[in-house]
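Spelled out from the first residue to the last, the chains are:
8 protein chains.
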Amino acid sequence: MLKVYLSGEIHTDWREQITTGAEGLDVEFFSPVTDHDASDDCGVAILGDEPNKYWHDHKGAMINAIRTRKGIADADVVVVRFGEKYRQWNAAFDAGYAAALGKSLIVLQQPDHDHALKEVDAAALAVAREPSQVVEILRYVLTGTLPS
Amino acid sequence: MLKVYLSGEIHTDWREQITTGAEGLDVEFFSPVTDHDASDDCGVAILGDEPNKYWHDHKGAMINAIRTRKGIADADVVVVRFGEKYRQWNAAFDAGYAAALGKSLIVLQQPDHDHALKEVDAAALAVAREPSQVVEILRYVLTGTLPS
Amino acid sequence: MLKVYLSGEIHTDWREQITTGAEGLDVEFFSPVTDHDASDDCGVAILGDEPNKYWHDHKGAMINAIRTRKGIADADVVVVRFGEKYRQWNAAFDAGYAAALGKSLIVLQQPDHDHALKEVDAAALAVAREPSQVVEILRYVLTGTLPS
Amino acid sequence: MLKVYLSGEIHTDWREQITTGAEGLDVEFFSPVTDHDASDDCGVAILGDEPNKYWHDHKGAMINAIRTRKGIADADVVVVRFGEKYRQWNAAFDAGYAAALGKSLIVLQQPDHDHALKEVDAAALAVAREPSQVVEILRYVLTGTLPS
Amino acid sequence: MLKVYLSGEIHTDWREQITTGAEGLDVEFFSPVTDHDASDDCGVAILGDEPNKYWHDHKGAMINAIRTRKGIADADVVVVRFGEKYRQWNAAFDAGYAAALGKSLIVLQQPDHDHALKEVDAAALAVAREPSQVVEILRYVLTGTLPS
Amino acid sequence: MLKVYLSGEIHTDWREQITTGAEGLDVEFFSPVTDHDASDDCGVAILGDEPNKYWHDHKGAMINAIRTRKGIADADVVVVRFGEKYRQWNAAFDAGYAAALGKSLIVLQQPDHDHALKEVDAAALAVAREPSQVVEILRYVLTGTLPS
Amino acid sequence: MLKVYLSGEIHTDWREQITTGAEGLDVEFFSPVTDHDASDDCGVAILGDEPNKYWHDHKGAMINAIRTRKGIADADVVVVRFGEKYRQWNAAFDAGYAAALGKSLIVLQQPDHDHALKEVDAAALAVAREPSQVVEILRYVLTGTLPS
Amino acid sequence: MLKVYLSGEIHTDWREQITTGAEGLDVEFFSPVTDHDASDDCGVAILGDEPNKYWHDHKGAMINAIRTRKGIADADVVVVRFGEKYRQWNAAFDAGYAAALGKSLIVLQQPDHDHALKEVDAAALAVAREPSQVVEILRYVLTGTLPS
Chain A
1 MLKVYLSGEI
11 HTDWREQITT
21 GAEGLDVEFF
31 SPVTDHDASD
41 DCGVAILGDE
51 PNKYWHDHKG
61 AMINAIRTRK
71 GIADADVVVV
81 RFGEKYRQWN
91 AAFDAGYAAA
101 LGKSLIVLQQ
111 PDHDHALKEV
121 DAAALAVARE
131 PSQVVEILRY
141 VLTGTLPS
Chain B
1 MLKVYLSGEI
11 HTDWREQITT
21 GAEGLDVEFF
31 SPVTDHDASD
41 DCGVAILGDE
51 PNKYWHDHKG
61 AMINAIRTRK
71 GIADADVVVV
81 RFGEKYRQWN
91 AAFDAGYAAA
101 LGKSLIVLQQ
111 PDHDHALKEV
121 DAAALAVARE
131 PSQVVEILRY
141 VLTGTLPS
Chain C
1 MLKVYLSGEI
11 HTDWREQITT
21 GAEGLDVEFF
31 SPVTDHDASD
41 DCGVAILGDE
51 PNKYWHDHKG
61 AMINAIRTRK
71 GIADADVVVV
81 RFGEKYRQWN
91 AAFDAGYAAA
101 LGKSLIVLQQ
111 PDHDHALKEV
121 DAAALAVARE
131 PSQVVEILRY
141 VLTGTLPS
Chain D
1 MLKVYLSGEI
11 HTDWREQITT
21 GAEGLDVEFF
31 SPVTDHDASD
41 DCGVAILGDE
51 PNKYWHDHKG
61 AMINAIRTRK
71 GIADADVVVV
81 RFGEKYRQWN
91 AAFDAGYAAA
101 LGKSLIVLQQ
111 PDHDHALKEV
121 DAAALAVARE
131 PSQVVEILRY
141 VLTGTLPS
Chain E
1 MLKVYLSGEI
11 HTDWREQITT
21 GAEGLDVEFF
31 SPVTDHDASD
41 DCGVAILGDE
51 PNKYWHDHKG
61 AMINAIRTRK
71 GIADADVVVV
81 RFGEKYRQWN
91 AAFDAGYAAA
101 LGKSLIVLQQ
111 PDHDHALKEV
121 DAAALAVARE
131 PSQVVEILRY
141 VLTGTLPS
Chain F
1 MLKVYLSGEI
11 HTDWREQITT
21 GAEGLDVEFF
31 SPVTDHDASD
41 DCGVAILGDE
51 PNKYWHDHKG
61 AMINAIRTRK
71 GIADADVVVV
81 RFGEKYRQWN
91 AAFDAGYAAA
101 LGKSLIVLQQ
111 PDHDHALKEV
121 DAAALAVARE
131 PSQVVEILRY
141 VLTGTLPS
Chain G
1 MLKVYLSGEI
11 HTDWREQITT
21 GAEGLDVEFF
31 SPVTDHDASD
41 DCGVAILGDE
51 PNKYWHDHKG
61 AMINAIRTRK
71 GIADADVVVV
81 RFGEKYRQWN
91 AAFDAGYAAA
101 LGKSLIVLQQ
111 PDHDHALKEV
121 DAAALAVARE
131 PSQVVEILRY
141 VLTGTLPS
Chain H
1 MLKVYLSGEI
11 HTDWREQITT
21 GAEGLDVEFF
31 SPVTDHDASD
41 DCGVAILGDE
51 PNKYWHDHKG
61 AMINAIRTRK
71 GIADADVVVV
81 RFGEKYRQWN
91 AAFDAGYAAA
101 LGKSLIVLQQ
111 PDHDHALKEV
121 DAAALAVARE
131 PSQVVEILRY
141 VLTGTLPS
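Residue numbers (the numbering used here), protein chains in the order written: chain A, 1 to 148; chain B, 1 to 148; chain C, 1 to 148; chain D, 1 to 148; chain E, 1 to 148; chain F, 1 to 148; chain G, 1 to 148; chain H, 1 to 148.
Please keep in mind that the hints were generated in silico from the structure rather than gathered at the bench.
Some hints could be false.
The list that follows gives simulated cross-link-like pairs (lysine-lysine, BS3-like), each with its CA atoms no further than 30 angstroms apart [stated by the list, open to error]: (1) D/LYS70 with G/LYS3; (2) D/LYS3 with G/LYS70; (3) H/LYS85 with H/LYS70; (4) G/LYS53 with E/LYS85; (5) A/LYS85 with A/LYS3; (6) D/LYS53 with C/LYS85; (7) F/LYS70 with C/LYS3; (8) F/LYS85 with H/LYS85; (9) F/LYS70 with F/LYS53; (10) F/LYS85 with F/LYS70; (11) G/LYS3 with H/LYS3; (12) H/LYS70 with B/LYS70; (13) G/LYS85 with G/LYS53; (14) D/LYS3 with B/LYS70.
Using the sequences provided together with the hints, build the complete structure.
In C-alpha cells form, the structure reads like this:
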C-alpha cells in the first residue's frame, strides 16, 4: 500500500481528479484542510481571538502544521501542486520539507513555471503536467502497468 | 561559533548588510551562488549544452543543490529572505528543508507578505523585517547583549 | 488515525474530558499510569523493597519510564497538562522529550503560568486553556471541522 | 575535549563554581543567557513591541531557543540545576530534550526535591548535590582521577 | 512477519522460485517492475517523449526509483541477485543502498563472480548460490527449522 | 500492544515462564532460535560445509543475526537473561545493541552476577531476579496493575 | 571546506587529474586503497592465510570496508568513476551507499554506459564525462566561478 | 584522522602495545578508565557512600558510562579486547553498542573463545589475535601499507 500526501493549490479540483482516477489502486491519500476559511481561522476559532492579524494567522498556521507534518511524515510519496495563481510558498515549503525527509516527490505544474521551479523540480522524481499523469505514475509504481 | 546559511533573494544587498553588521561576532556565513547568470547556466557551462530549456535548467539546479544542501546541513541557523519580487519558491523550499532538519529558522520579509508566508513563519523562531534585526539576533544569541 | 499521548497532571479529570469529548474521532489515546500510589510504589512492589527512599523512588520511576517512552515515541501528538498545584517537572520533562523527537506538542495550562511556561509554550503548536479546546483541535486536524 | 551545557537556575553562582573548579580540564562550557531581564525582553527589544504579554514572552522564548537548542545539540554532557525557588519548568524541559537526544545528563539538586524530580533523575547518569561534585565528575571522566 | 525485497536480475525465474518455495511462510515479497520494456519506457510513456536517449532513460529511472526506494525502505531483508549476464550496476547500487540503511542483506550469485563481488558480499549476512537456499534461510529465520 | 524480545540464556524454561505468565496481556514476544544445534549449524546446513570451524560458526552466526536484528529493531522492550553458566557474550552484545537503539532494557539475572553485570545493569530500566517479576513489570506497564 | 570521496576505477589516473586540477581549492580528498594487490591481500597479509579463496577475499574486503565506510560517511560529495573495463560492482555499491546516506553524488562515466547506469545516474546530482568536469563542478560549488 | 576506542580487558598491557605500535600514524585513541579501583568506586567517592553494594556499583557504572558513551559515539573504529579471564560482559556490551551505531568493529581475542564469541565476531570487520595485528590494520587503513 502506498501513502500519498497531496500538497499545494486548493482552488481547483486536482485532488478529486487524482483520487477518482486512482480508484481501485492500493493507495491511501492525505491532504491538508482545503476549506480556505477554516484553514485561515482555525487558530482563533478554537483558541480565542487575536486583535493582531499576524498572530491570528500564526495560531492557525500552527494548528494546520499538526496535520501537515503528520501527513508528510507518514507518506511514501508527496505530490506538490503549483497552480496558476498566488505565491504558494507553503507548497514549496512542503516540497522542501518532504525532500529533506527523503520522501519521493512528484511536482505537478505547468511549463510556464519551469524556470521558477527548477530548484524544486531538481529534488523531484517526476514533474507532471496533468493530474492524470500522477495517476498513471501511481498505477505504474503499484502495478507495473503503463497507460495503453 | 555559529554557522549561518543565508538563503533566498539575490537582487538586493541584504547579505552584505548582515555580514558587515556581524563583523566581530563568532559567526561563519554560507550562501548560495548569488551570480544570477552563473547560477542559471552552471549546468550546461560545465557538463555540456542542452537544446531543451527544461534540462538546461535542471542540470544547473542539480549542481547548485550540491552547494545548497551542504550549506543547510552544516548550518546552526538558516536565514531565509523573501524579497518584494519574483515567486522565490526556492527560498520557501530551503525553509522547508531546513525546518525538517531541525535547524533554527529566521525569516526575513516585509509585512505585506505575512499572510502568504504564514505557514513558513510558523516554522520559524524569528520573523525579522530588516537585516539589522537579524544581526541583533545573532549578537544576542552569541553574547547575550541587546541593542542599546 | 491519530495517536495522542496525554502527559502531566493526574489529580483532575482532564483526560476523561478529552477522551469523552473525542468519541467518534479516529484517535487512539495513551497515558501514564494515573494511579498515584501505584506509580510511586511500582518499583519496590515488583522488584523488592529499598530502605532508602531515593532508590525506592528511582526503581519506580524507571519502570514508569518504560510506559512513558513508548507512549511518547508512538504518538503523533503529545498533550501536556500543567495543573494548578505541584511542581510537575515530569510534565515539563515529557514536553522537552517530545519536542526533541519532533512530535506535535499541545500545552494545556492556565494563563497565570504563561510566564513560567514560556519556553515550553515556545516549542508547542498550540496552547490551550480548556480540555474542550484540545478536543476541538483534534477534531479540526482530523476532519477539518471547526466548532460551530 | 568535553562539551558541557549548563542549564537551569540563574539566581546563584553555581555556573561560576563549576567553570572555576574545572579550570585546567579539557572542557568547553555553554550556557543560556543568564541576564534575566535580557532573556525576558530580547524578543521585543529586537523585533518590536507586543502589547500582549503572552506574545511578548513568546517572541523572547523563541529567540532564546536558538541558543539553547544549539547548546544542547552540541553538548556531550548536559548539567541541569534545579534551585530552591521558582517552578523551573524550562530546566525540566531541557532535561527531557537532552535525554531524548541521548546526551549524558547530570542533575544538580537538593534532597528535598528528590521525590518531585524522580522521573528526571531516572534519566540521569548522576544526581549531584553540590557544584563541586559536578566538577569531580568531569575531572574523573576526563582524567580518571578521583577526589583525594 | 518478514518483509523481503527481491532486487536484481530480471531475465530468469529466480523470484518465482523463491516466492513459490516460501509459500506458507509469513513473508511478504516486494520487487521492482520486472517487465523490461515497461521499466525502460515508463518515463516517456507517462510524462512525454524525450528526443535525447539519456533523458528518456533518466525519466524512467526516476519513476522506477519511487518503487525501489519504498521497497527497500520497508524491507527487513533485501535479496540481491546477480545473474550471469549484463553489468547489473543497479543490483549493486541497491545492495549498497540497503547496506547503508542497515537492512539484512542476502546476495544470490554464482562462484565465478565471487572475486568481483567481494565488497558486496562483505556487507551481506549470507551469500547463496541457489534460490532454494534463500528459501531455506527465510524458513529458518522465521521458524527455526533447518532443511531435512 | 507491547513488542518484547527475549534475549539470552537458552538452557532453562524462563521464556516459557514469561510467555505463560503474560497470557491475556497485549504483548507479542520474539526470541532467537533456541534450538542449540540448529542455531550452531544453520549456516553450513543451508549454505554448505566449511572445513574450518571458525567459518562454520561464522556462517551460522550471520544467519542468526537476520532474526536477532529484526527482533531487537521491532521491540519496545528487550529482556536479556543471564543464566548461571557459560559466558553468554551474545546476551551482553544484544543488551548493548538494544541500549544503543534506545530500547527499554530489562535484565534478568541473579545477585551473584551483580558486580560483573554492573555496566549492563546501568543501561537497564529494571533488573529482575525472577521471570515472574518480568511478567509483573509487563502487566504494570500495560494495565497499571500491581501484584496483589 | 568540502570533503570529497573518490570511489571506483583504480586503473587510470583519474584521481590524480582531479586532485591536481583542484589544487588551490578548499577541498580534502579521500580514496580507497588503490594498490590493487594490497587491496586484494590485506586480509590474509595481516590476519593470516586462508586456504579458501572466498574467505581470502572476504577478510580483505572487510578490512577495506573500514576505510571505505569512513571515507563515505565523512564526505560531502562522493564521486564514483566507472571505467571501461571490469564489472565494478563495488563502485555501484558505493554509489548506493552514498545515496542512502544523502551524500551529493557525482558519477563519472562514458556515454556508452548511460543505459546500464541509468538507475545510478538517477541518484546523482551530476553525470560527468571527464575528470576536468568534476574539477569544474568543485570549483563552481566552492567559488561560484564557471570555466572561462 | 582516525578515532579509535579501545574497549575491554584492563589487566594486560594490550592498549600500550597498540598505542606504542601506532606511533606516527594519524590516530587518536580513547579508552575507559583502566584503574580498576577508581572505576569501581568513582560513584561513591564523588557522590557519597551507599550501604548497599548494588547501588555502590550502580552509581559508579553510571558515571563510567559518561566516558564510555562519548568514546564510542566519537569513534570511527572500536576495538574490543576479550582477555583470558573474567566474564567481560561490559566488553560484549560495548561491542553491541558500537555495532548498533554502525561503527567499524575489530575484535581482539584468542581462538579458544571463537565459539563463544561467534555472534560478536559476526558483527566485526576483523578478528585479530594479537595487538600488533590491530596496529597493522590501522596502518593499512590509513596508509595502504601492508606489513613487510
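Quick rundown of the hints versus the structure:
1. Annotation: proposed proximity of D/LYS70 to G/LYS3 holds, straight-line Cα distance about 23 angstroms (limit 30 angstroms).
2. Annotation: proposed proximity of D/LYS3 to G/LYS70 holds, straight-line Cα distance about 23 angstroms (limit 30 angstroms).
3. Restraint check for H/LYS85 and H/LYS70: satisfied, since their Cα atoms lie roughly 27 angstroms apart, inside the 30 angstroms limit.
4. Between G/LYS53 and E/LYS85, the direct Cα distance comes to roughly 23 angstroms. Compliance with the 30 angstroms bound is thereby established for this hinted pair.
5. Between A/LYS85 and A/LYS3 the alpha-carbon distance is near 28 angstroms, which keeps this suggested pair within the 30 angstroms criterion.
6. Under the criterion of a C-alpha separation no larger than 30 angstroms, the hint pairing D/LYS53 with C/LYS85 is consistent with the structure, at around 23 angstroms.
7. Our distance criterion of 30 angstroms between C-alpha atoms is met by F/LYS70 and C/LYS3, whose separation comes to about 24 angstroms.
8. For the hint pairing F/LYS85 with H/LYS85, the CA-to-CA distance comes to about 15 angstroms; that is within 30 angstroms, so the pair holds.
9. Restraint check: the Cα-Cα separation between F/LYS70 and F/LYS53 comes to about 26 angstroms, which is no more than 30 angstroms; the hinted pair holds.
10. Distance hint between F/LYS85 and F/LYS70 is fulfilled; the C-alpha atoms sit about 27 angstroms from each other, no more than 30 angstroms.
11. With a C-alpha separation of about 17 angstroms, the suggested pairing of G/LYS3 with H/LYS3 holds against the 30 angstroms cut-off.
12. The straight-line distance between the Cα atoms of H/LYS70 and B/LYS70 is roughly 26 angstroms, inside the 30 angstroms bound, and the hint therefore holds.
13. Restraint check for G/LYS85 and G/LYS53: the C-alpha separation of about 23 angstroms stays at or below 30 angstroms, so the hint holds.
14. In summary, the hint linking D/LYS3 to B/LYS70 is supported, as the alpha carbons are separated by about 24 angstroms, within the 30 angstroms threshold.
Taken one by one, the earlier hints all hold for this structure without exception.
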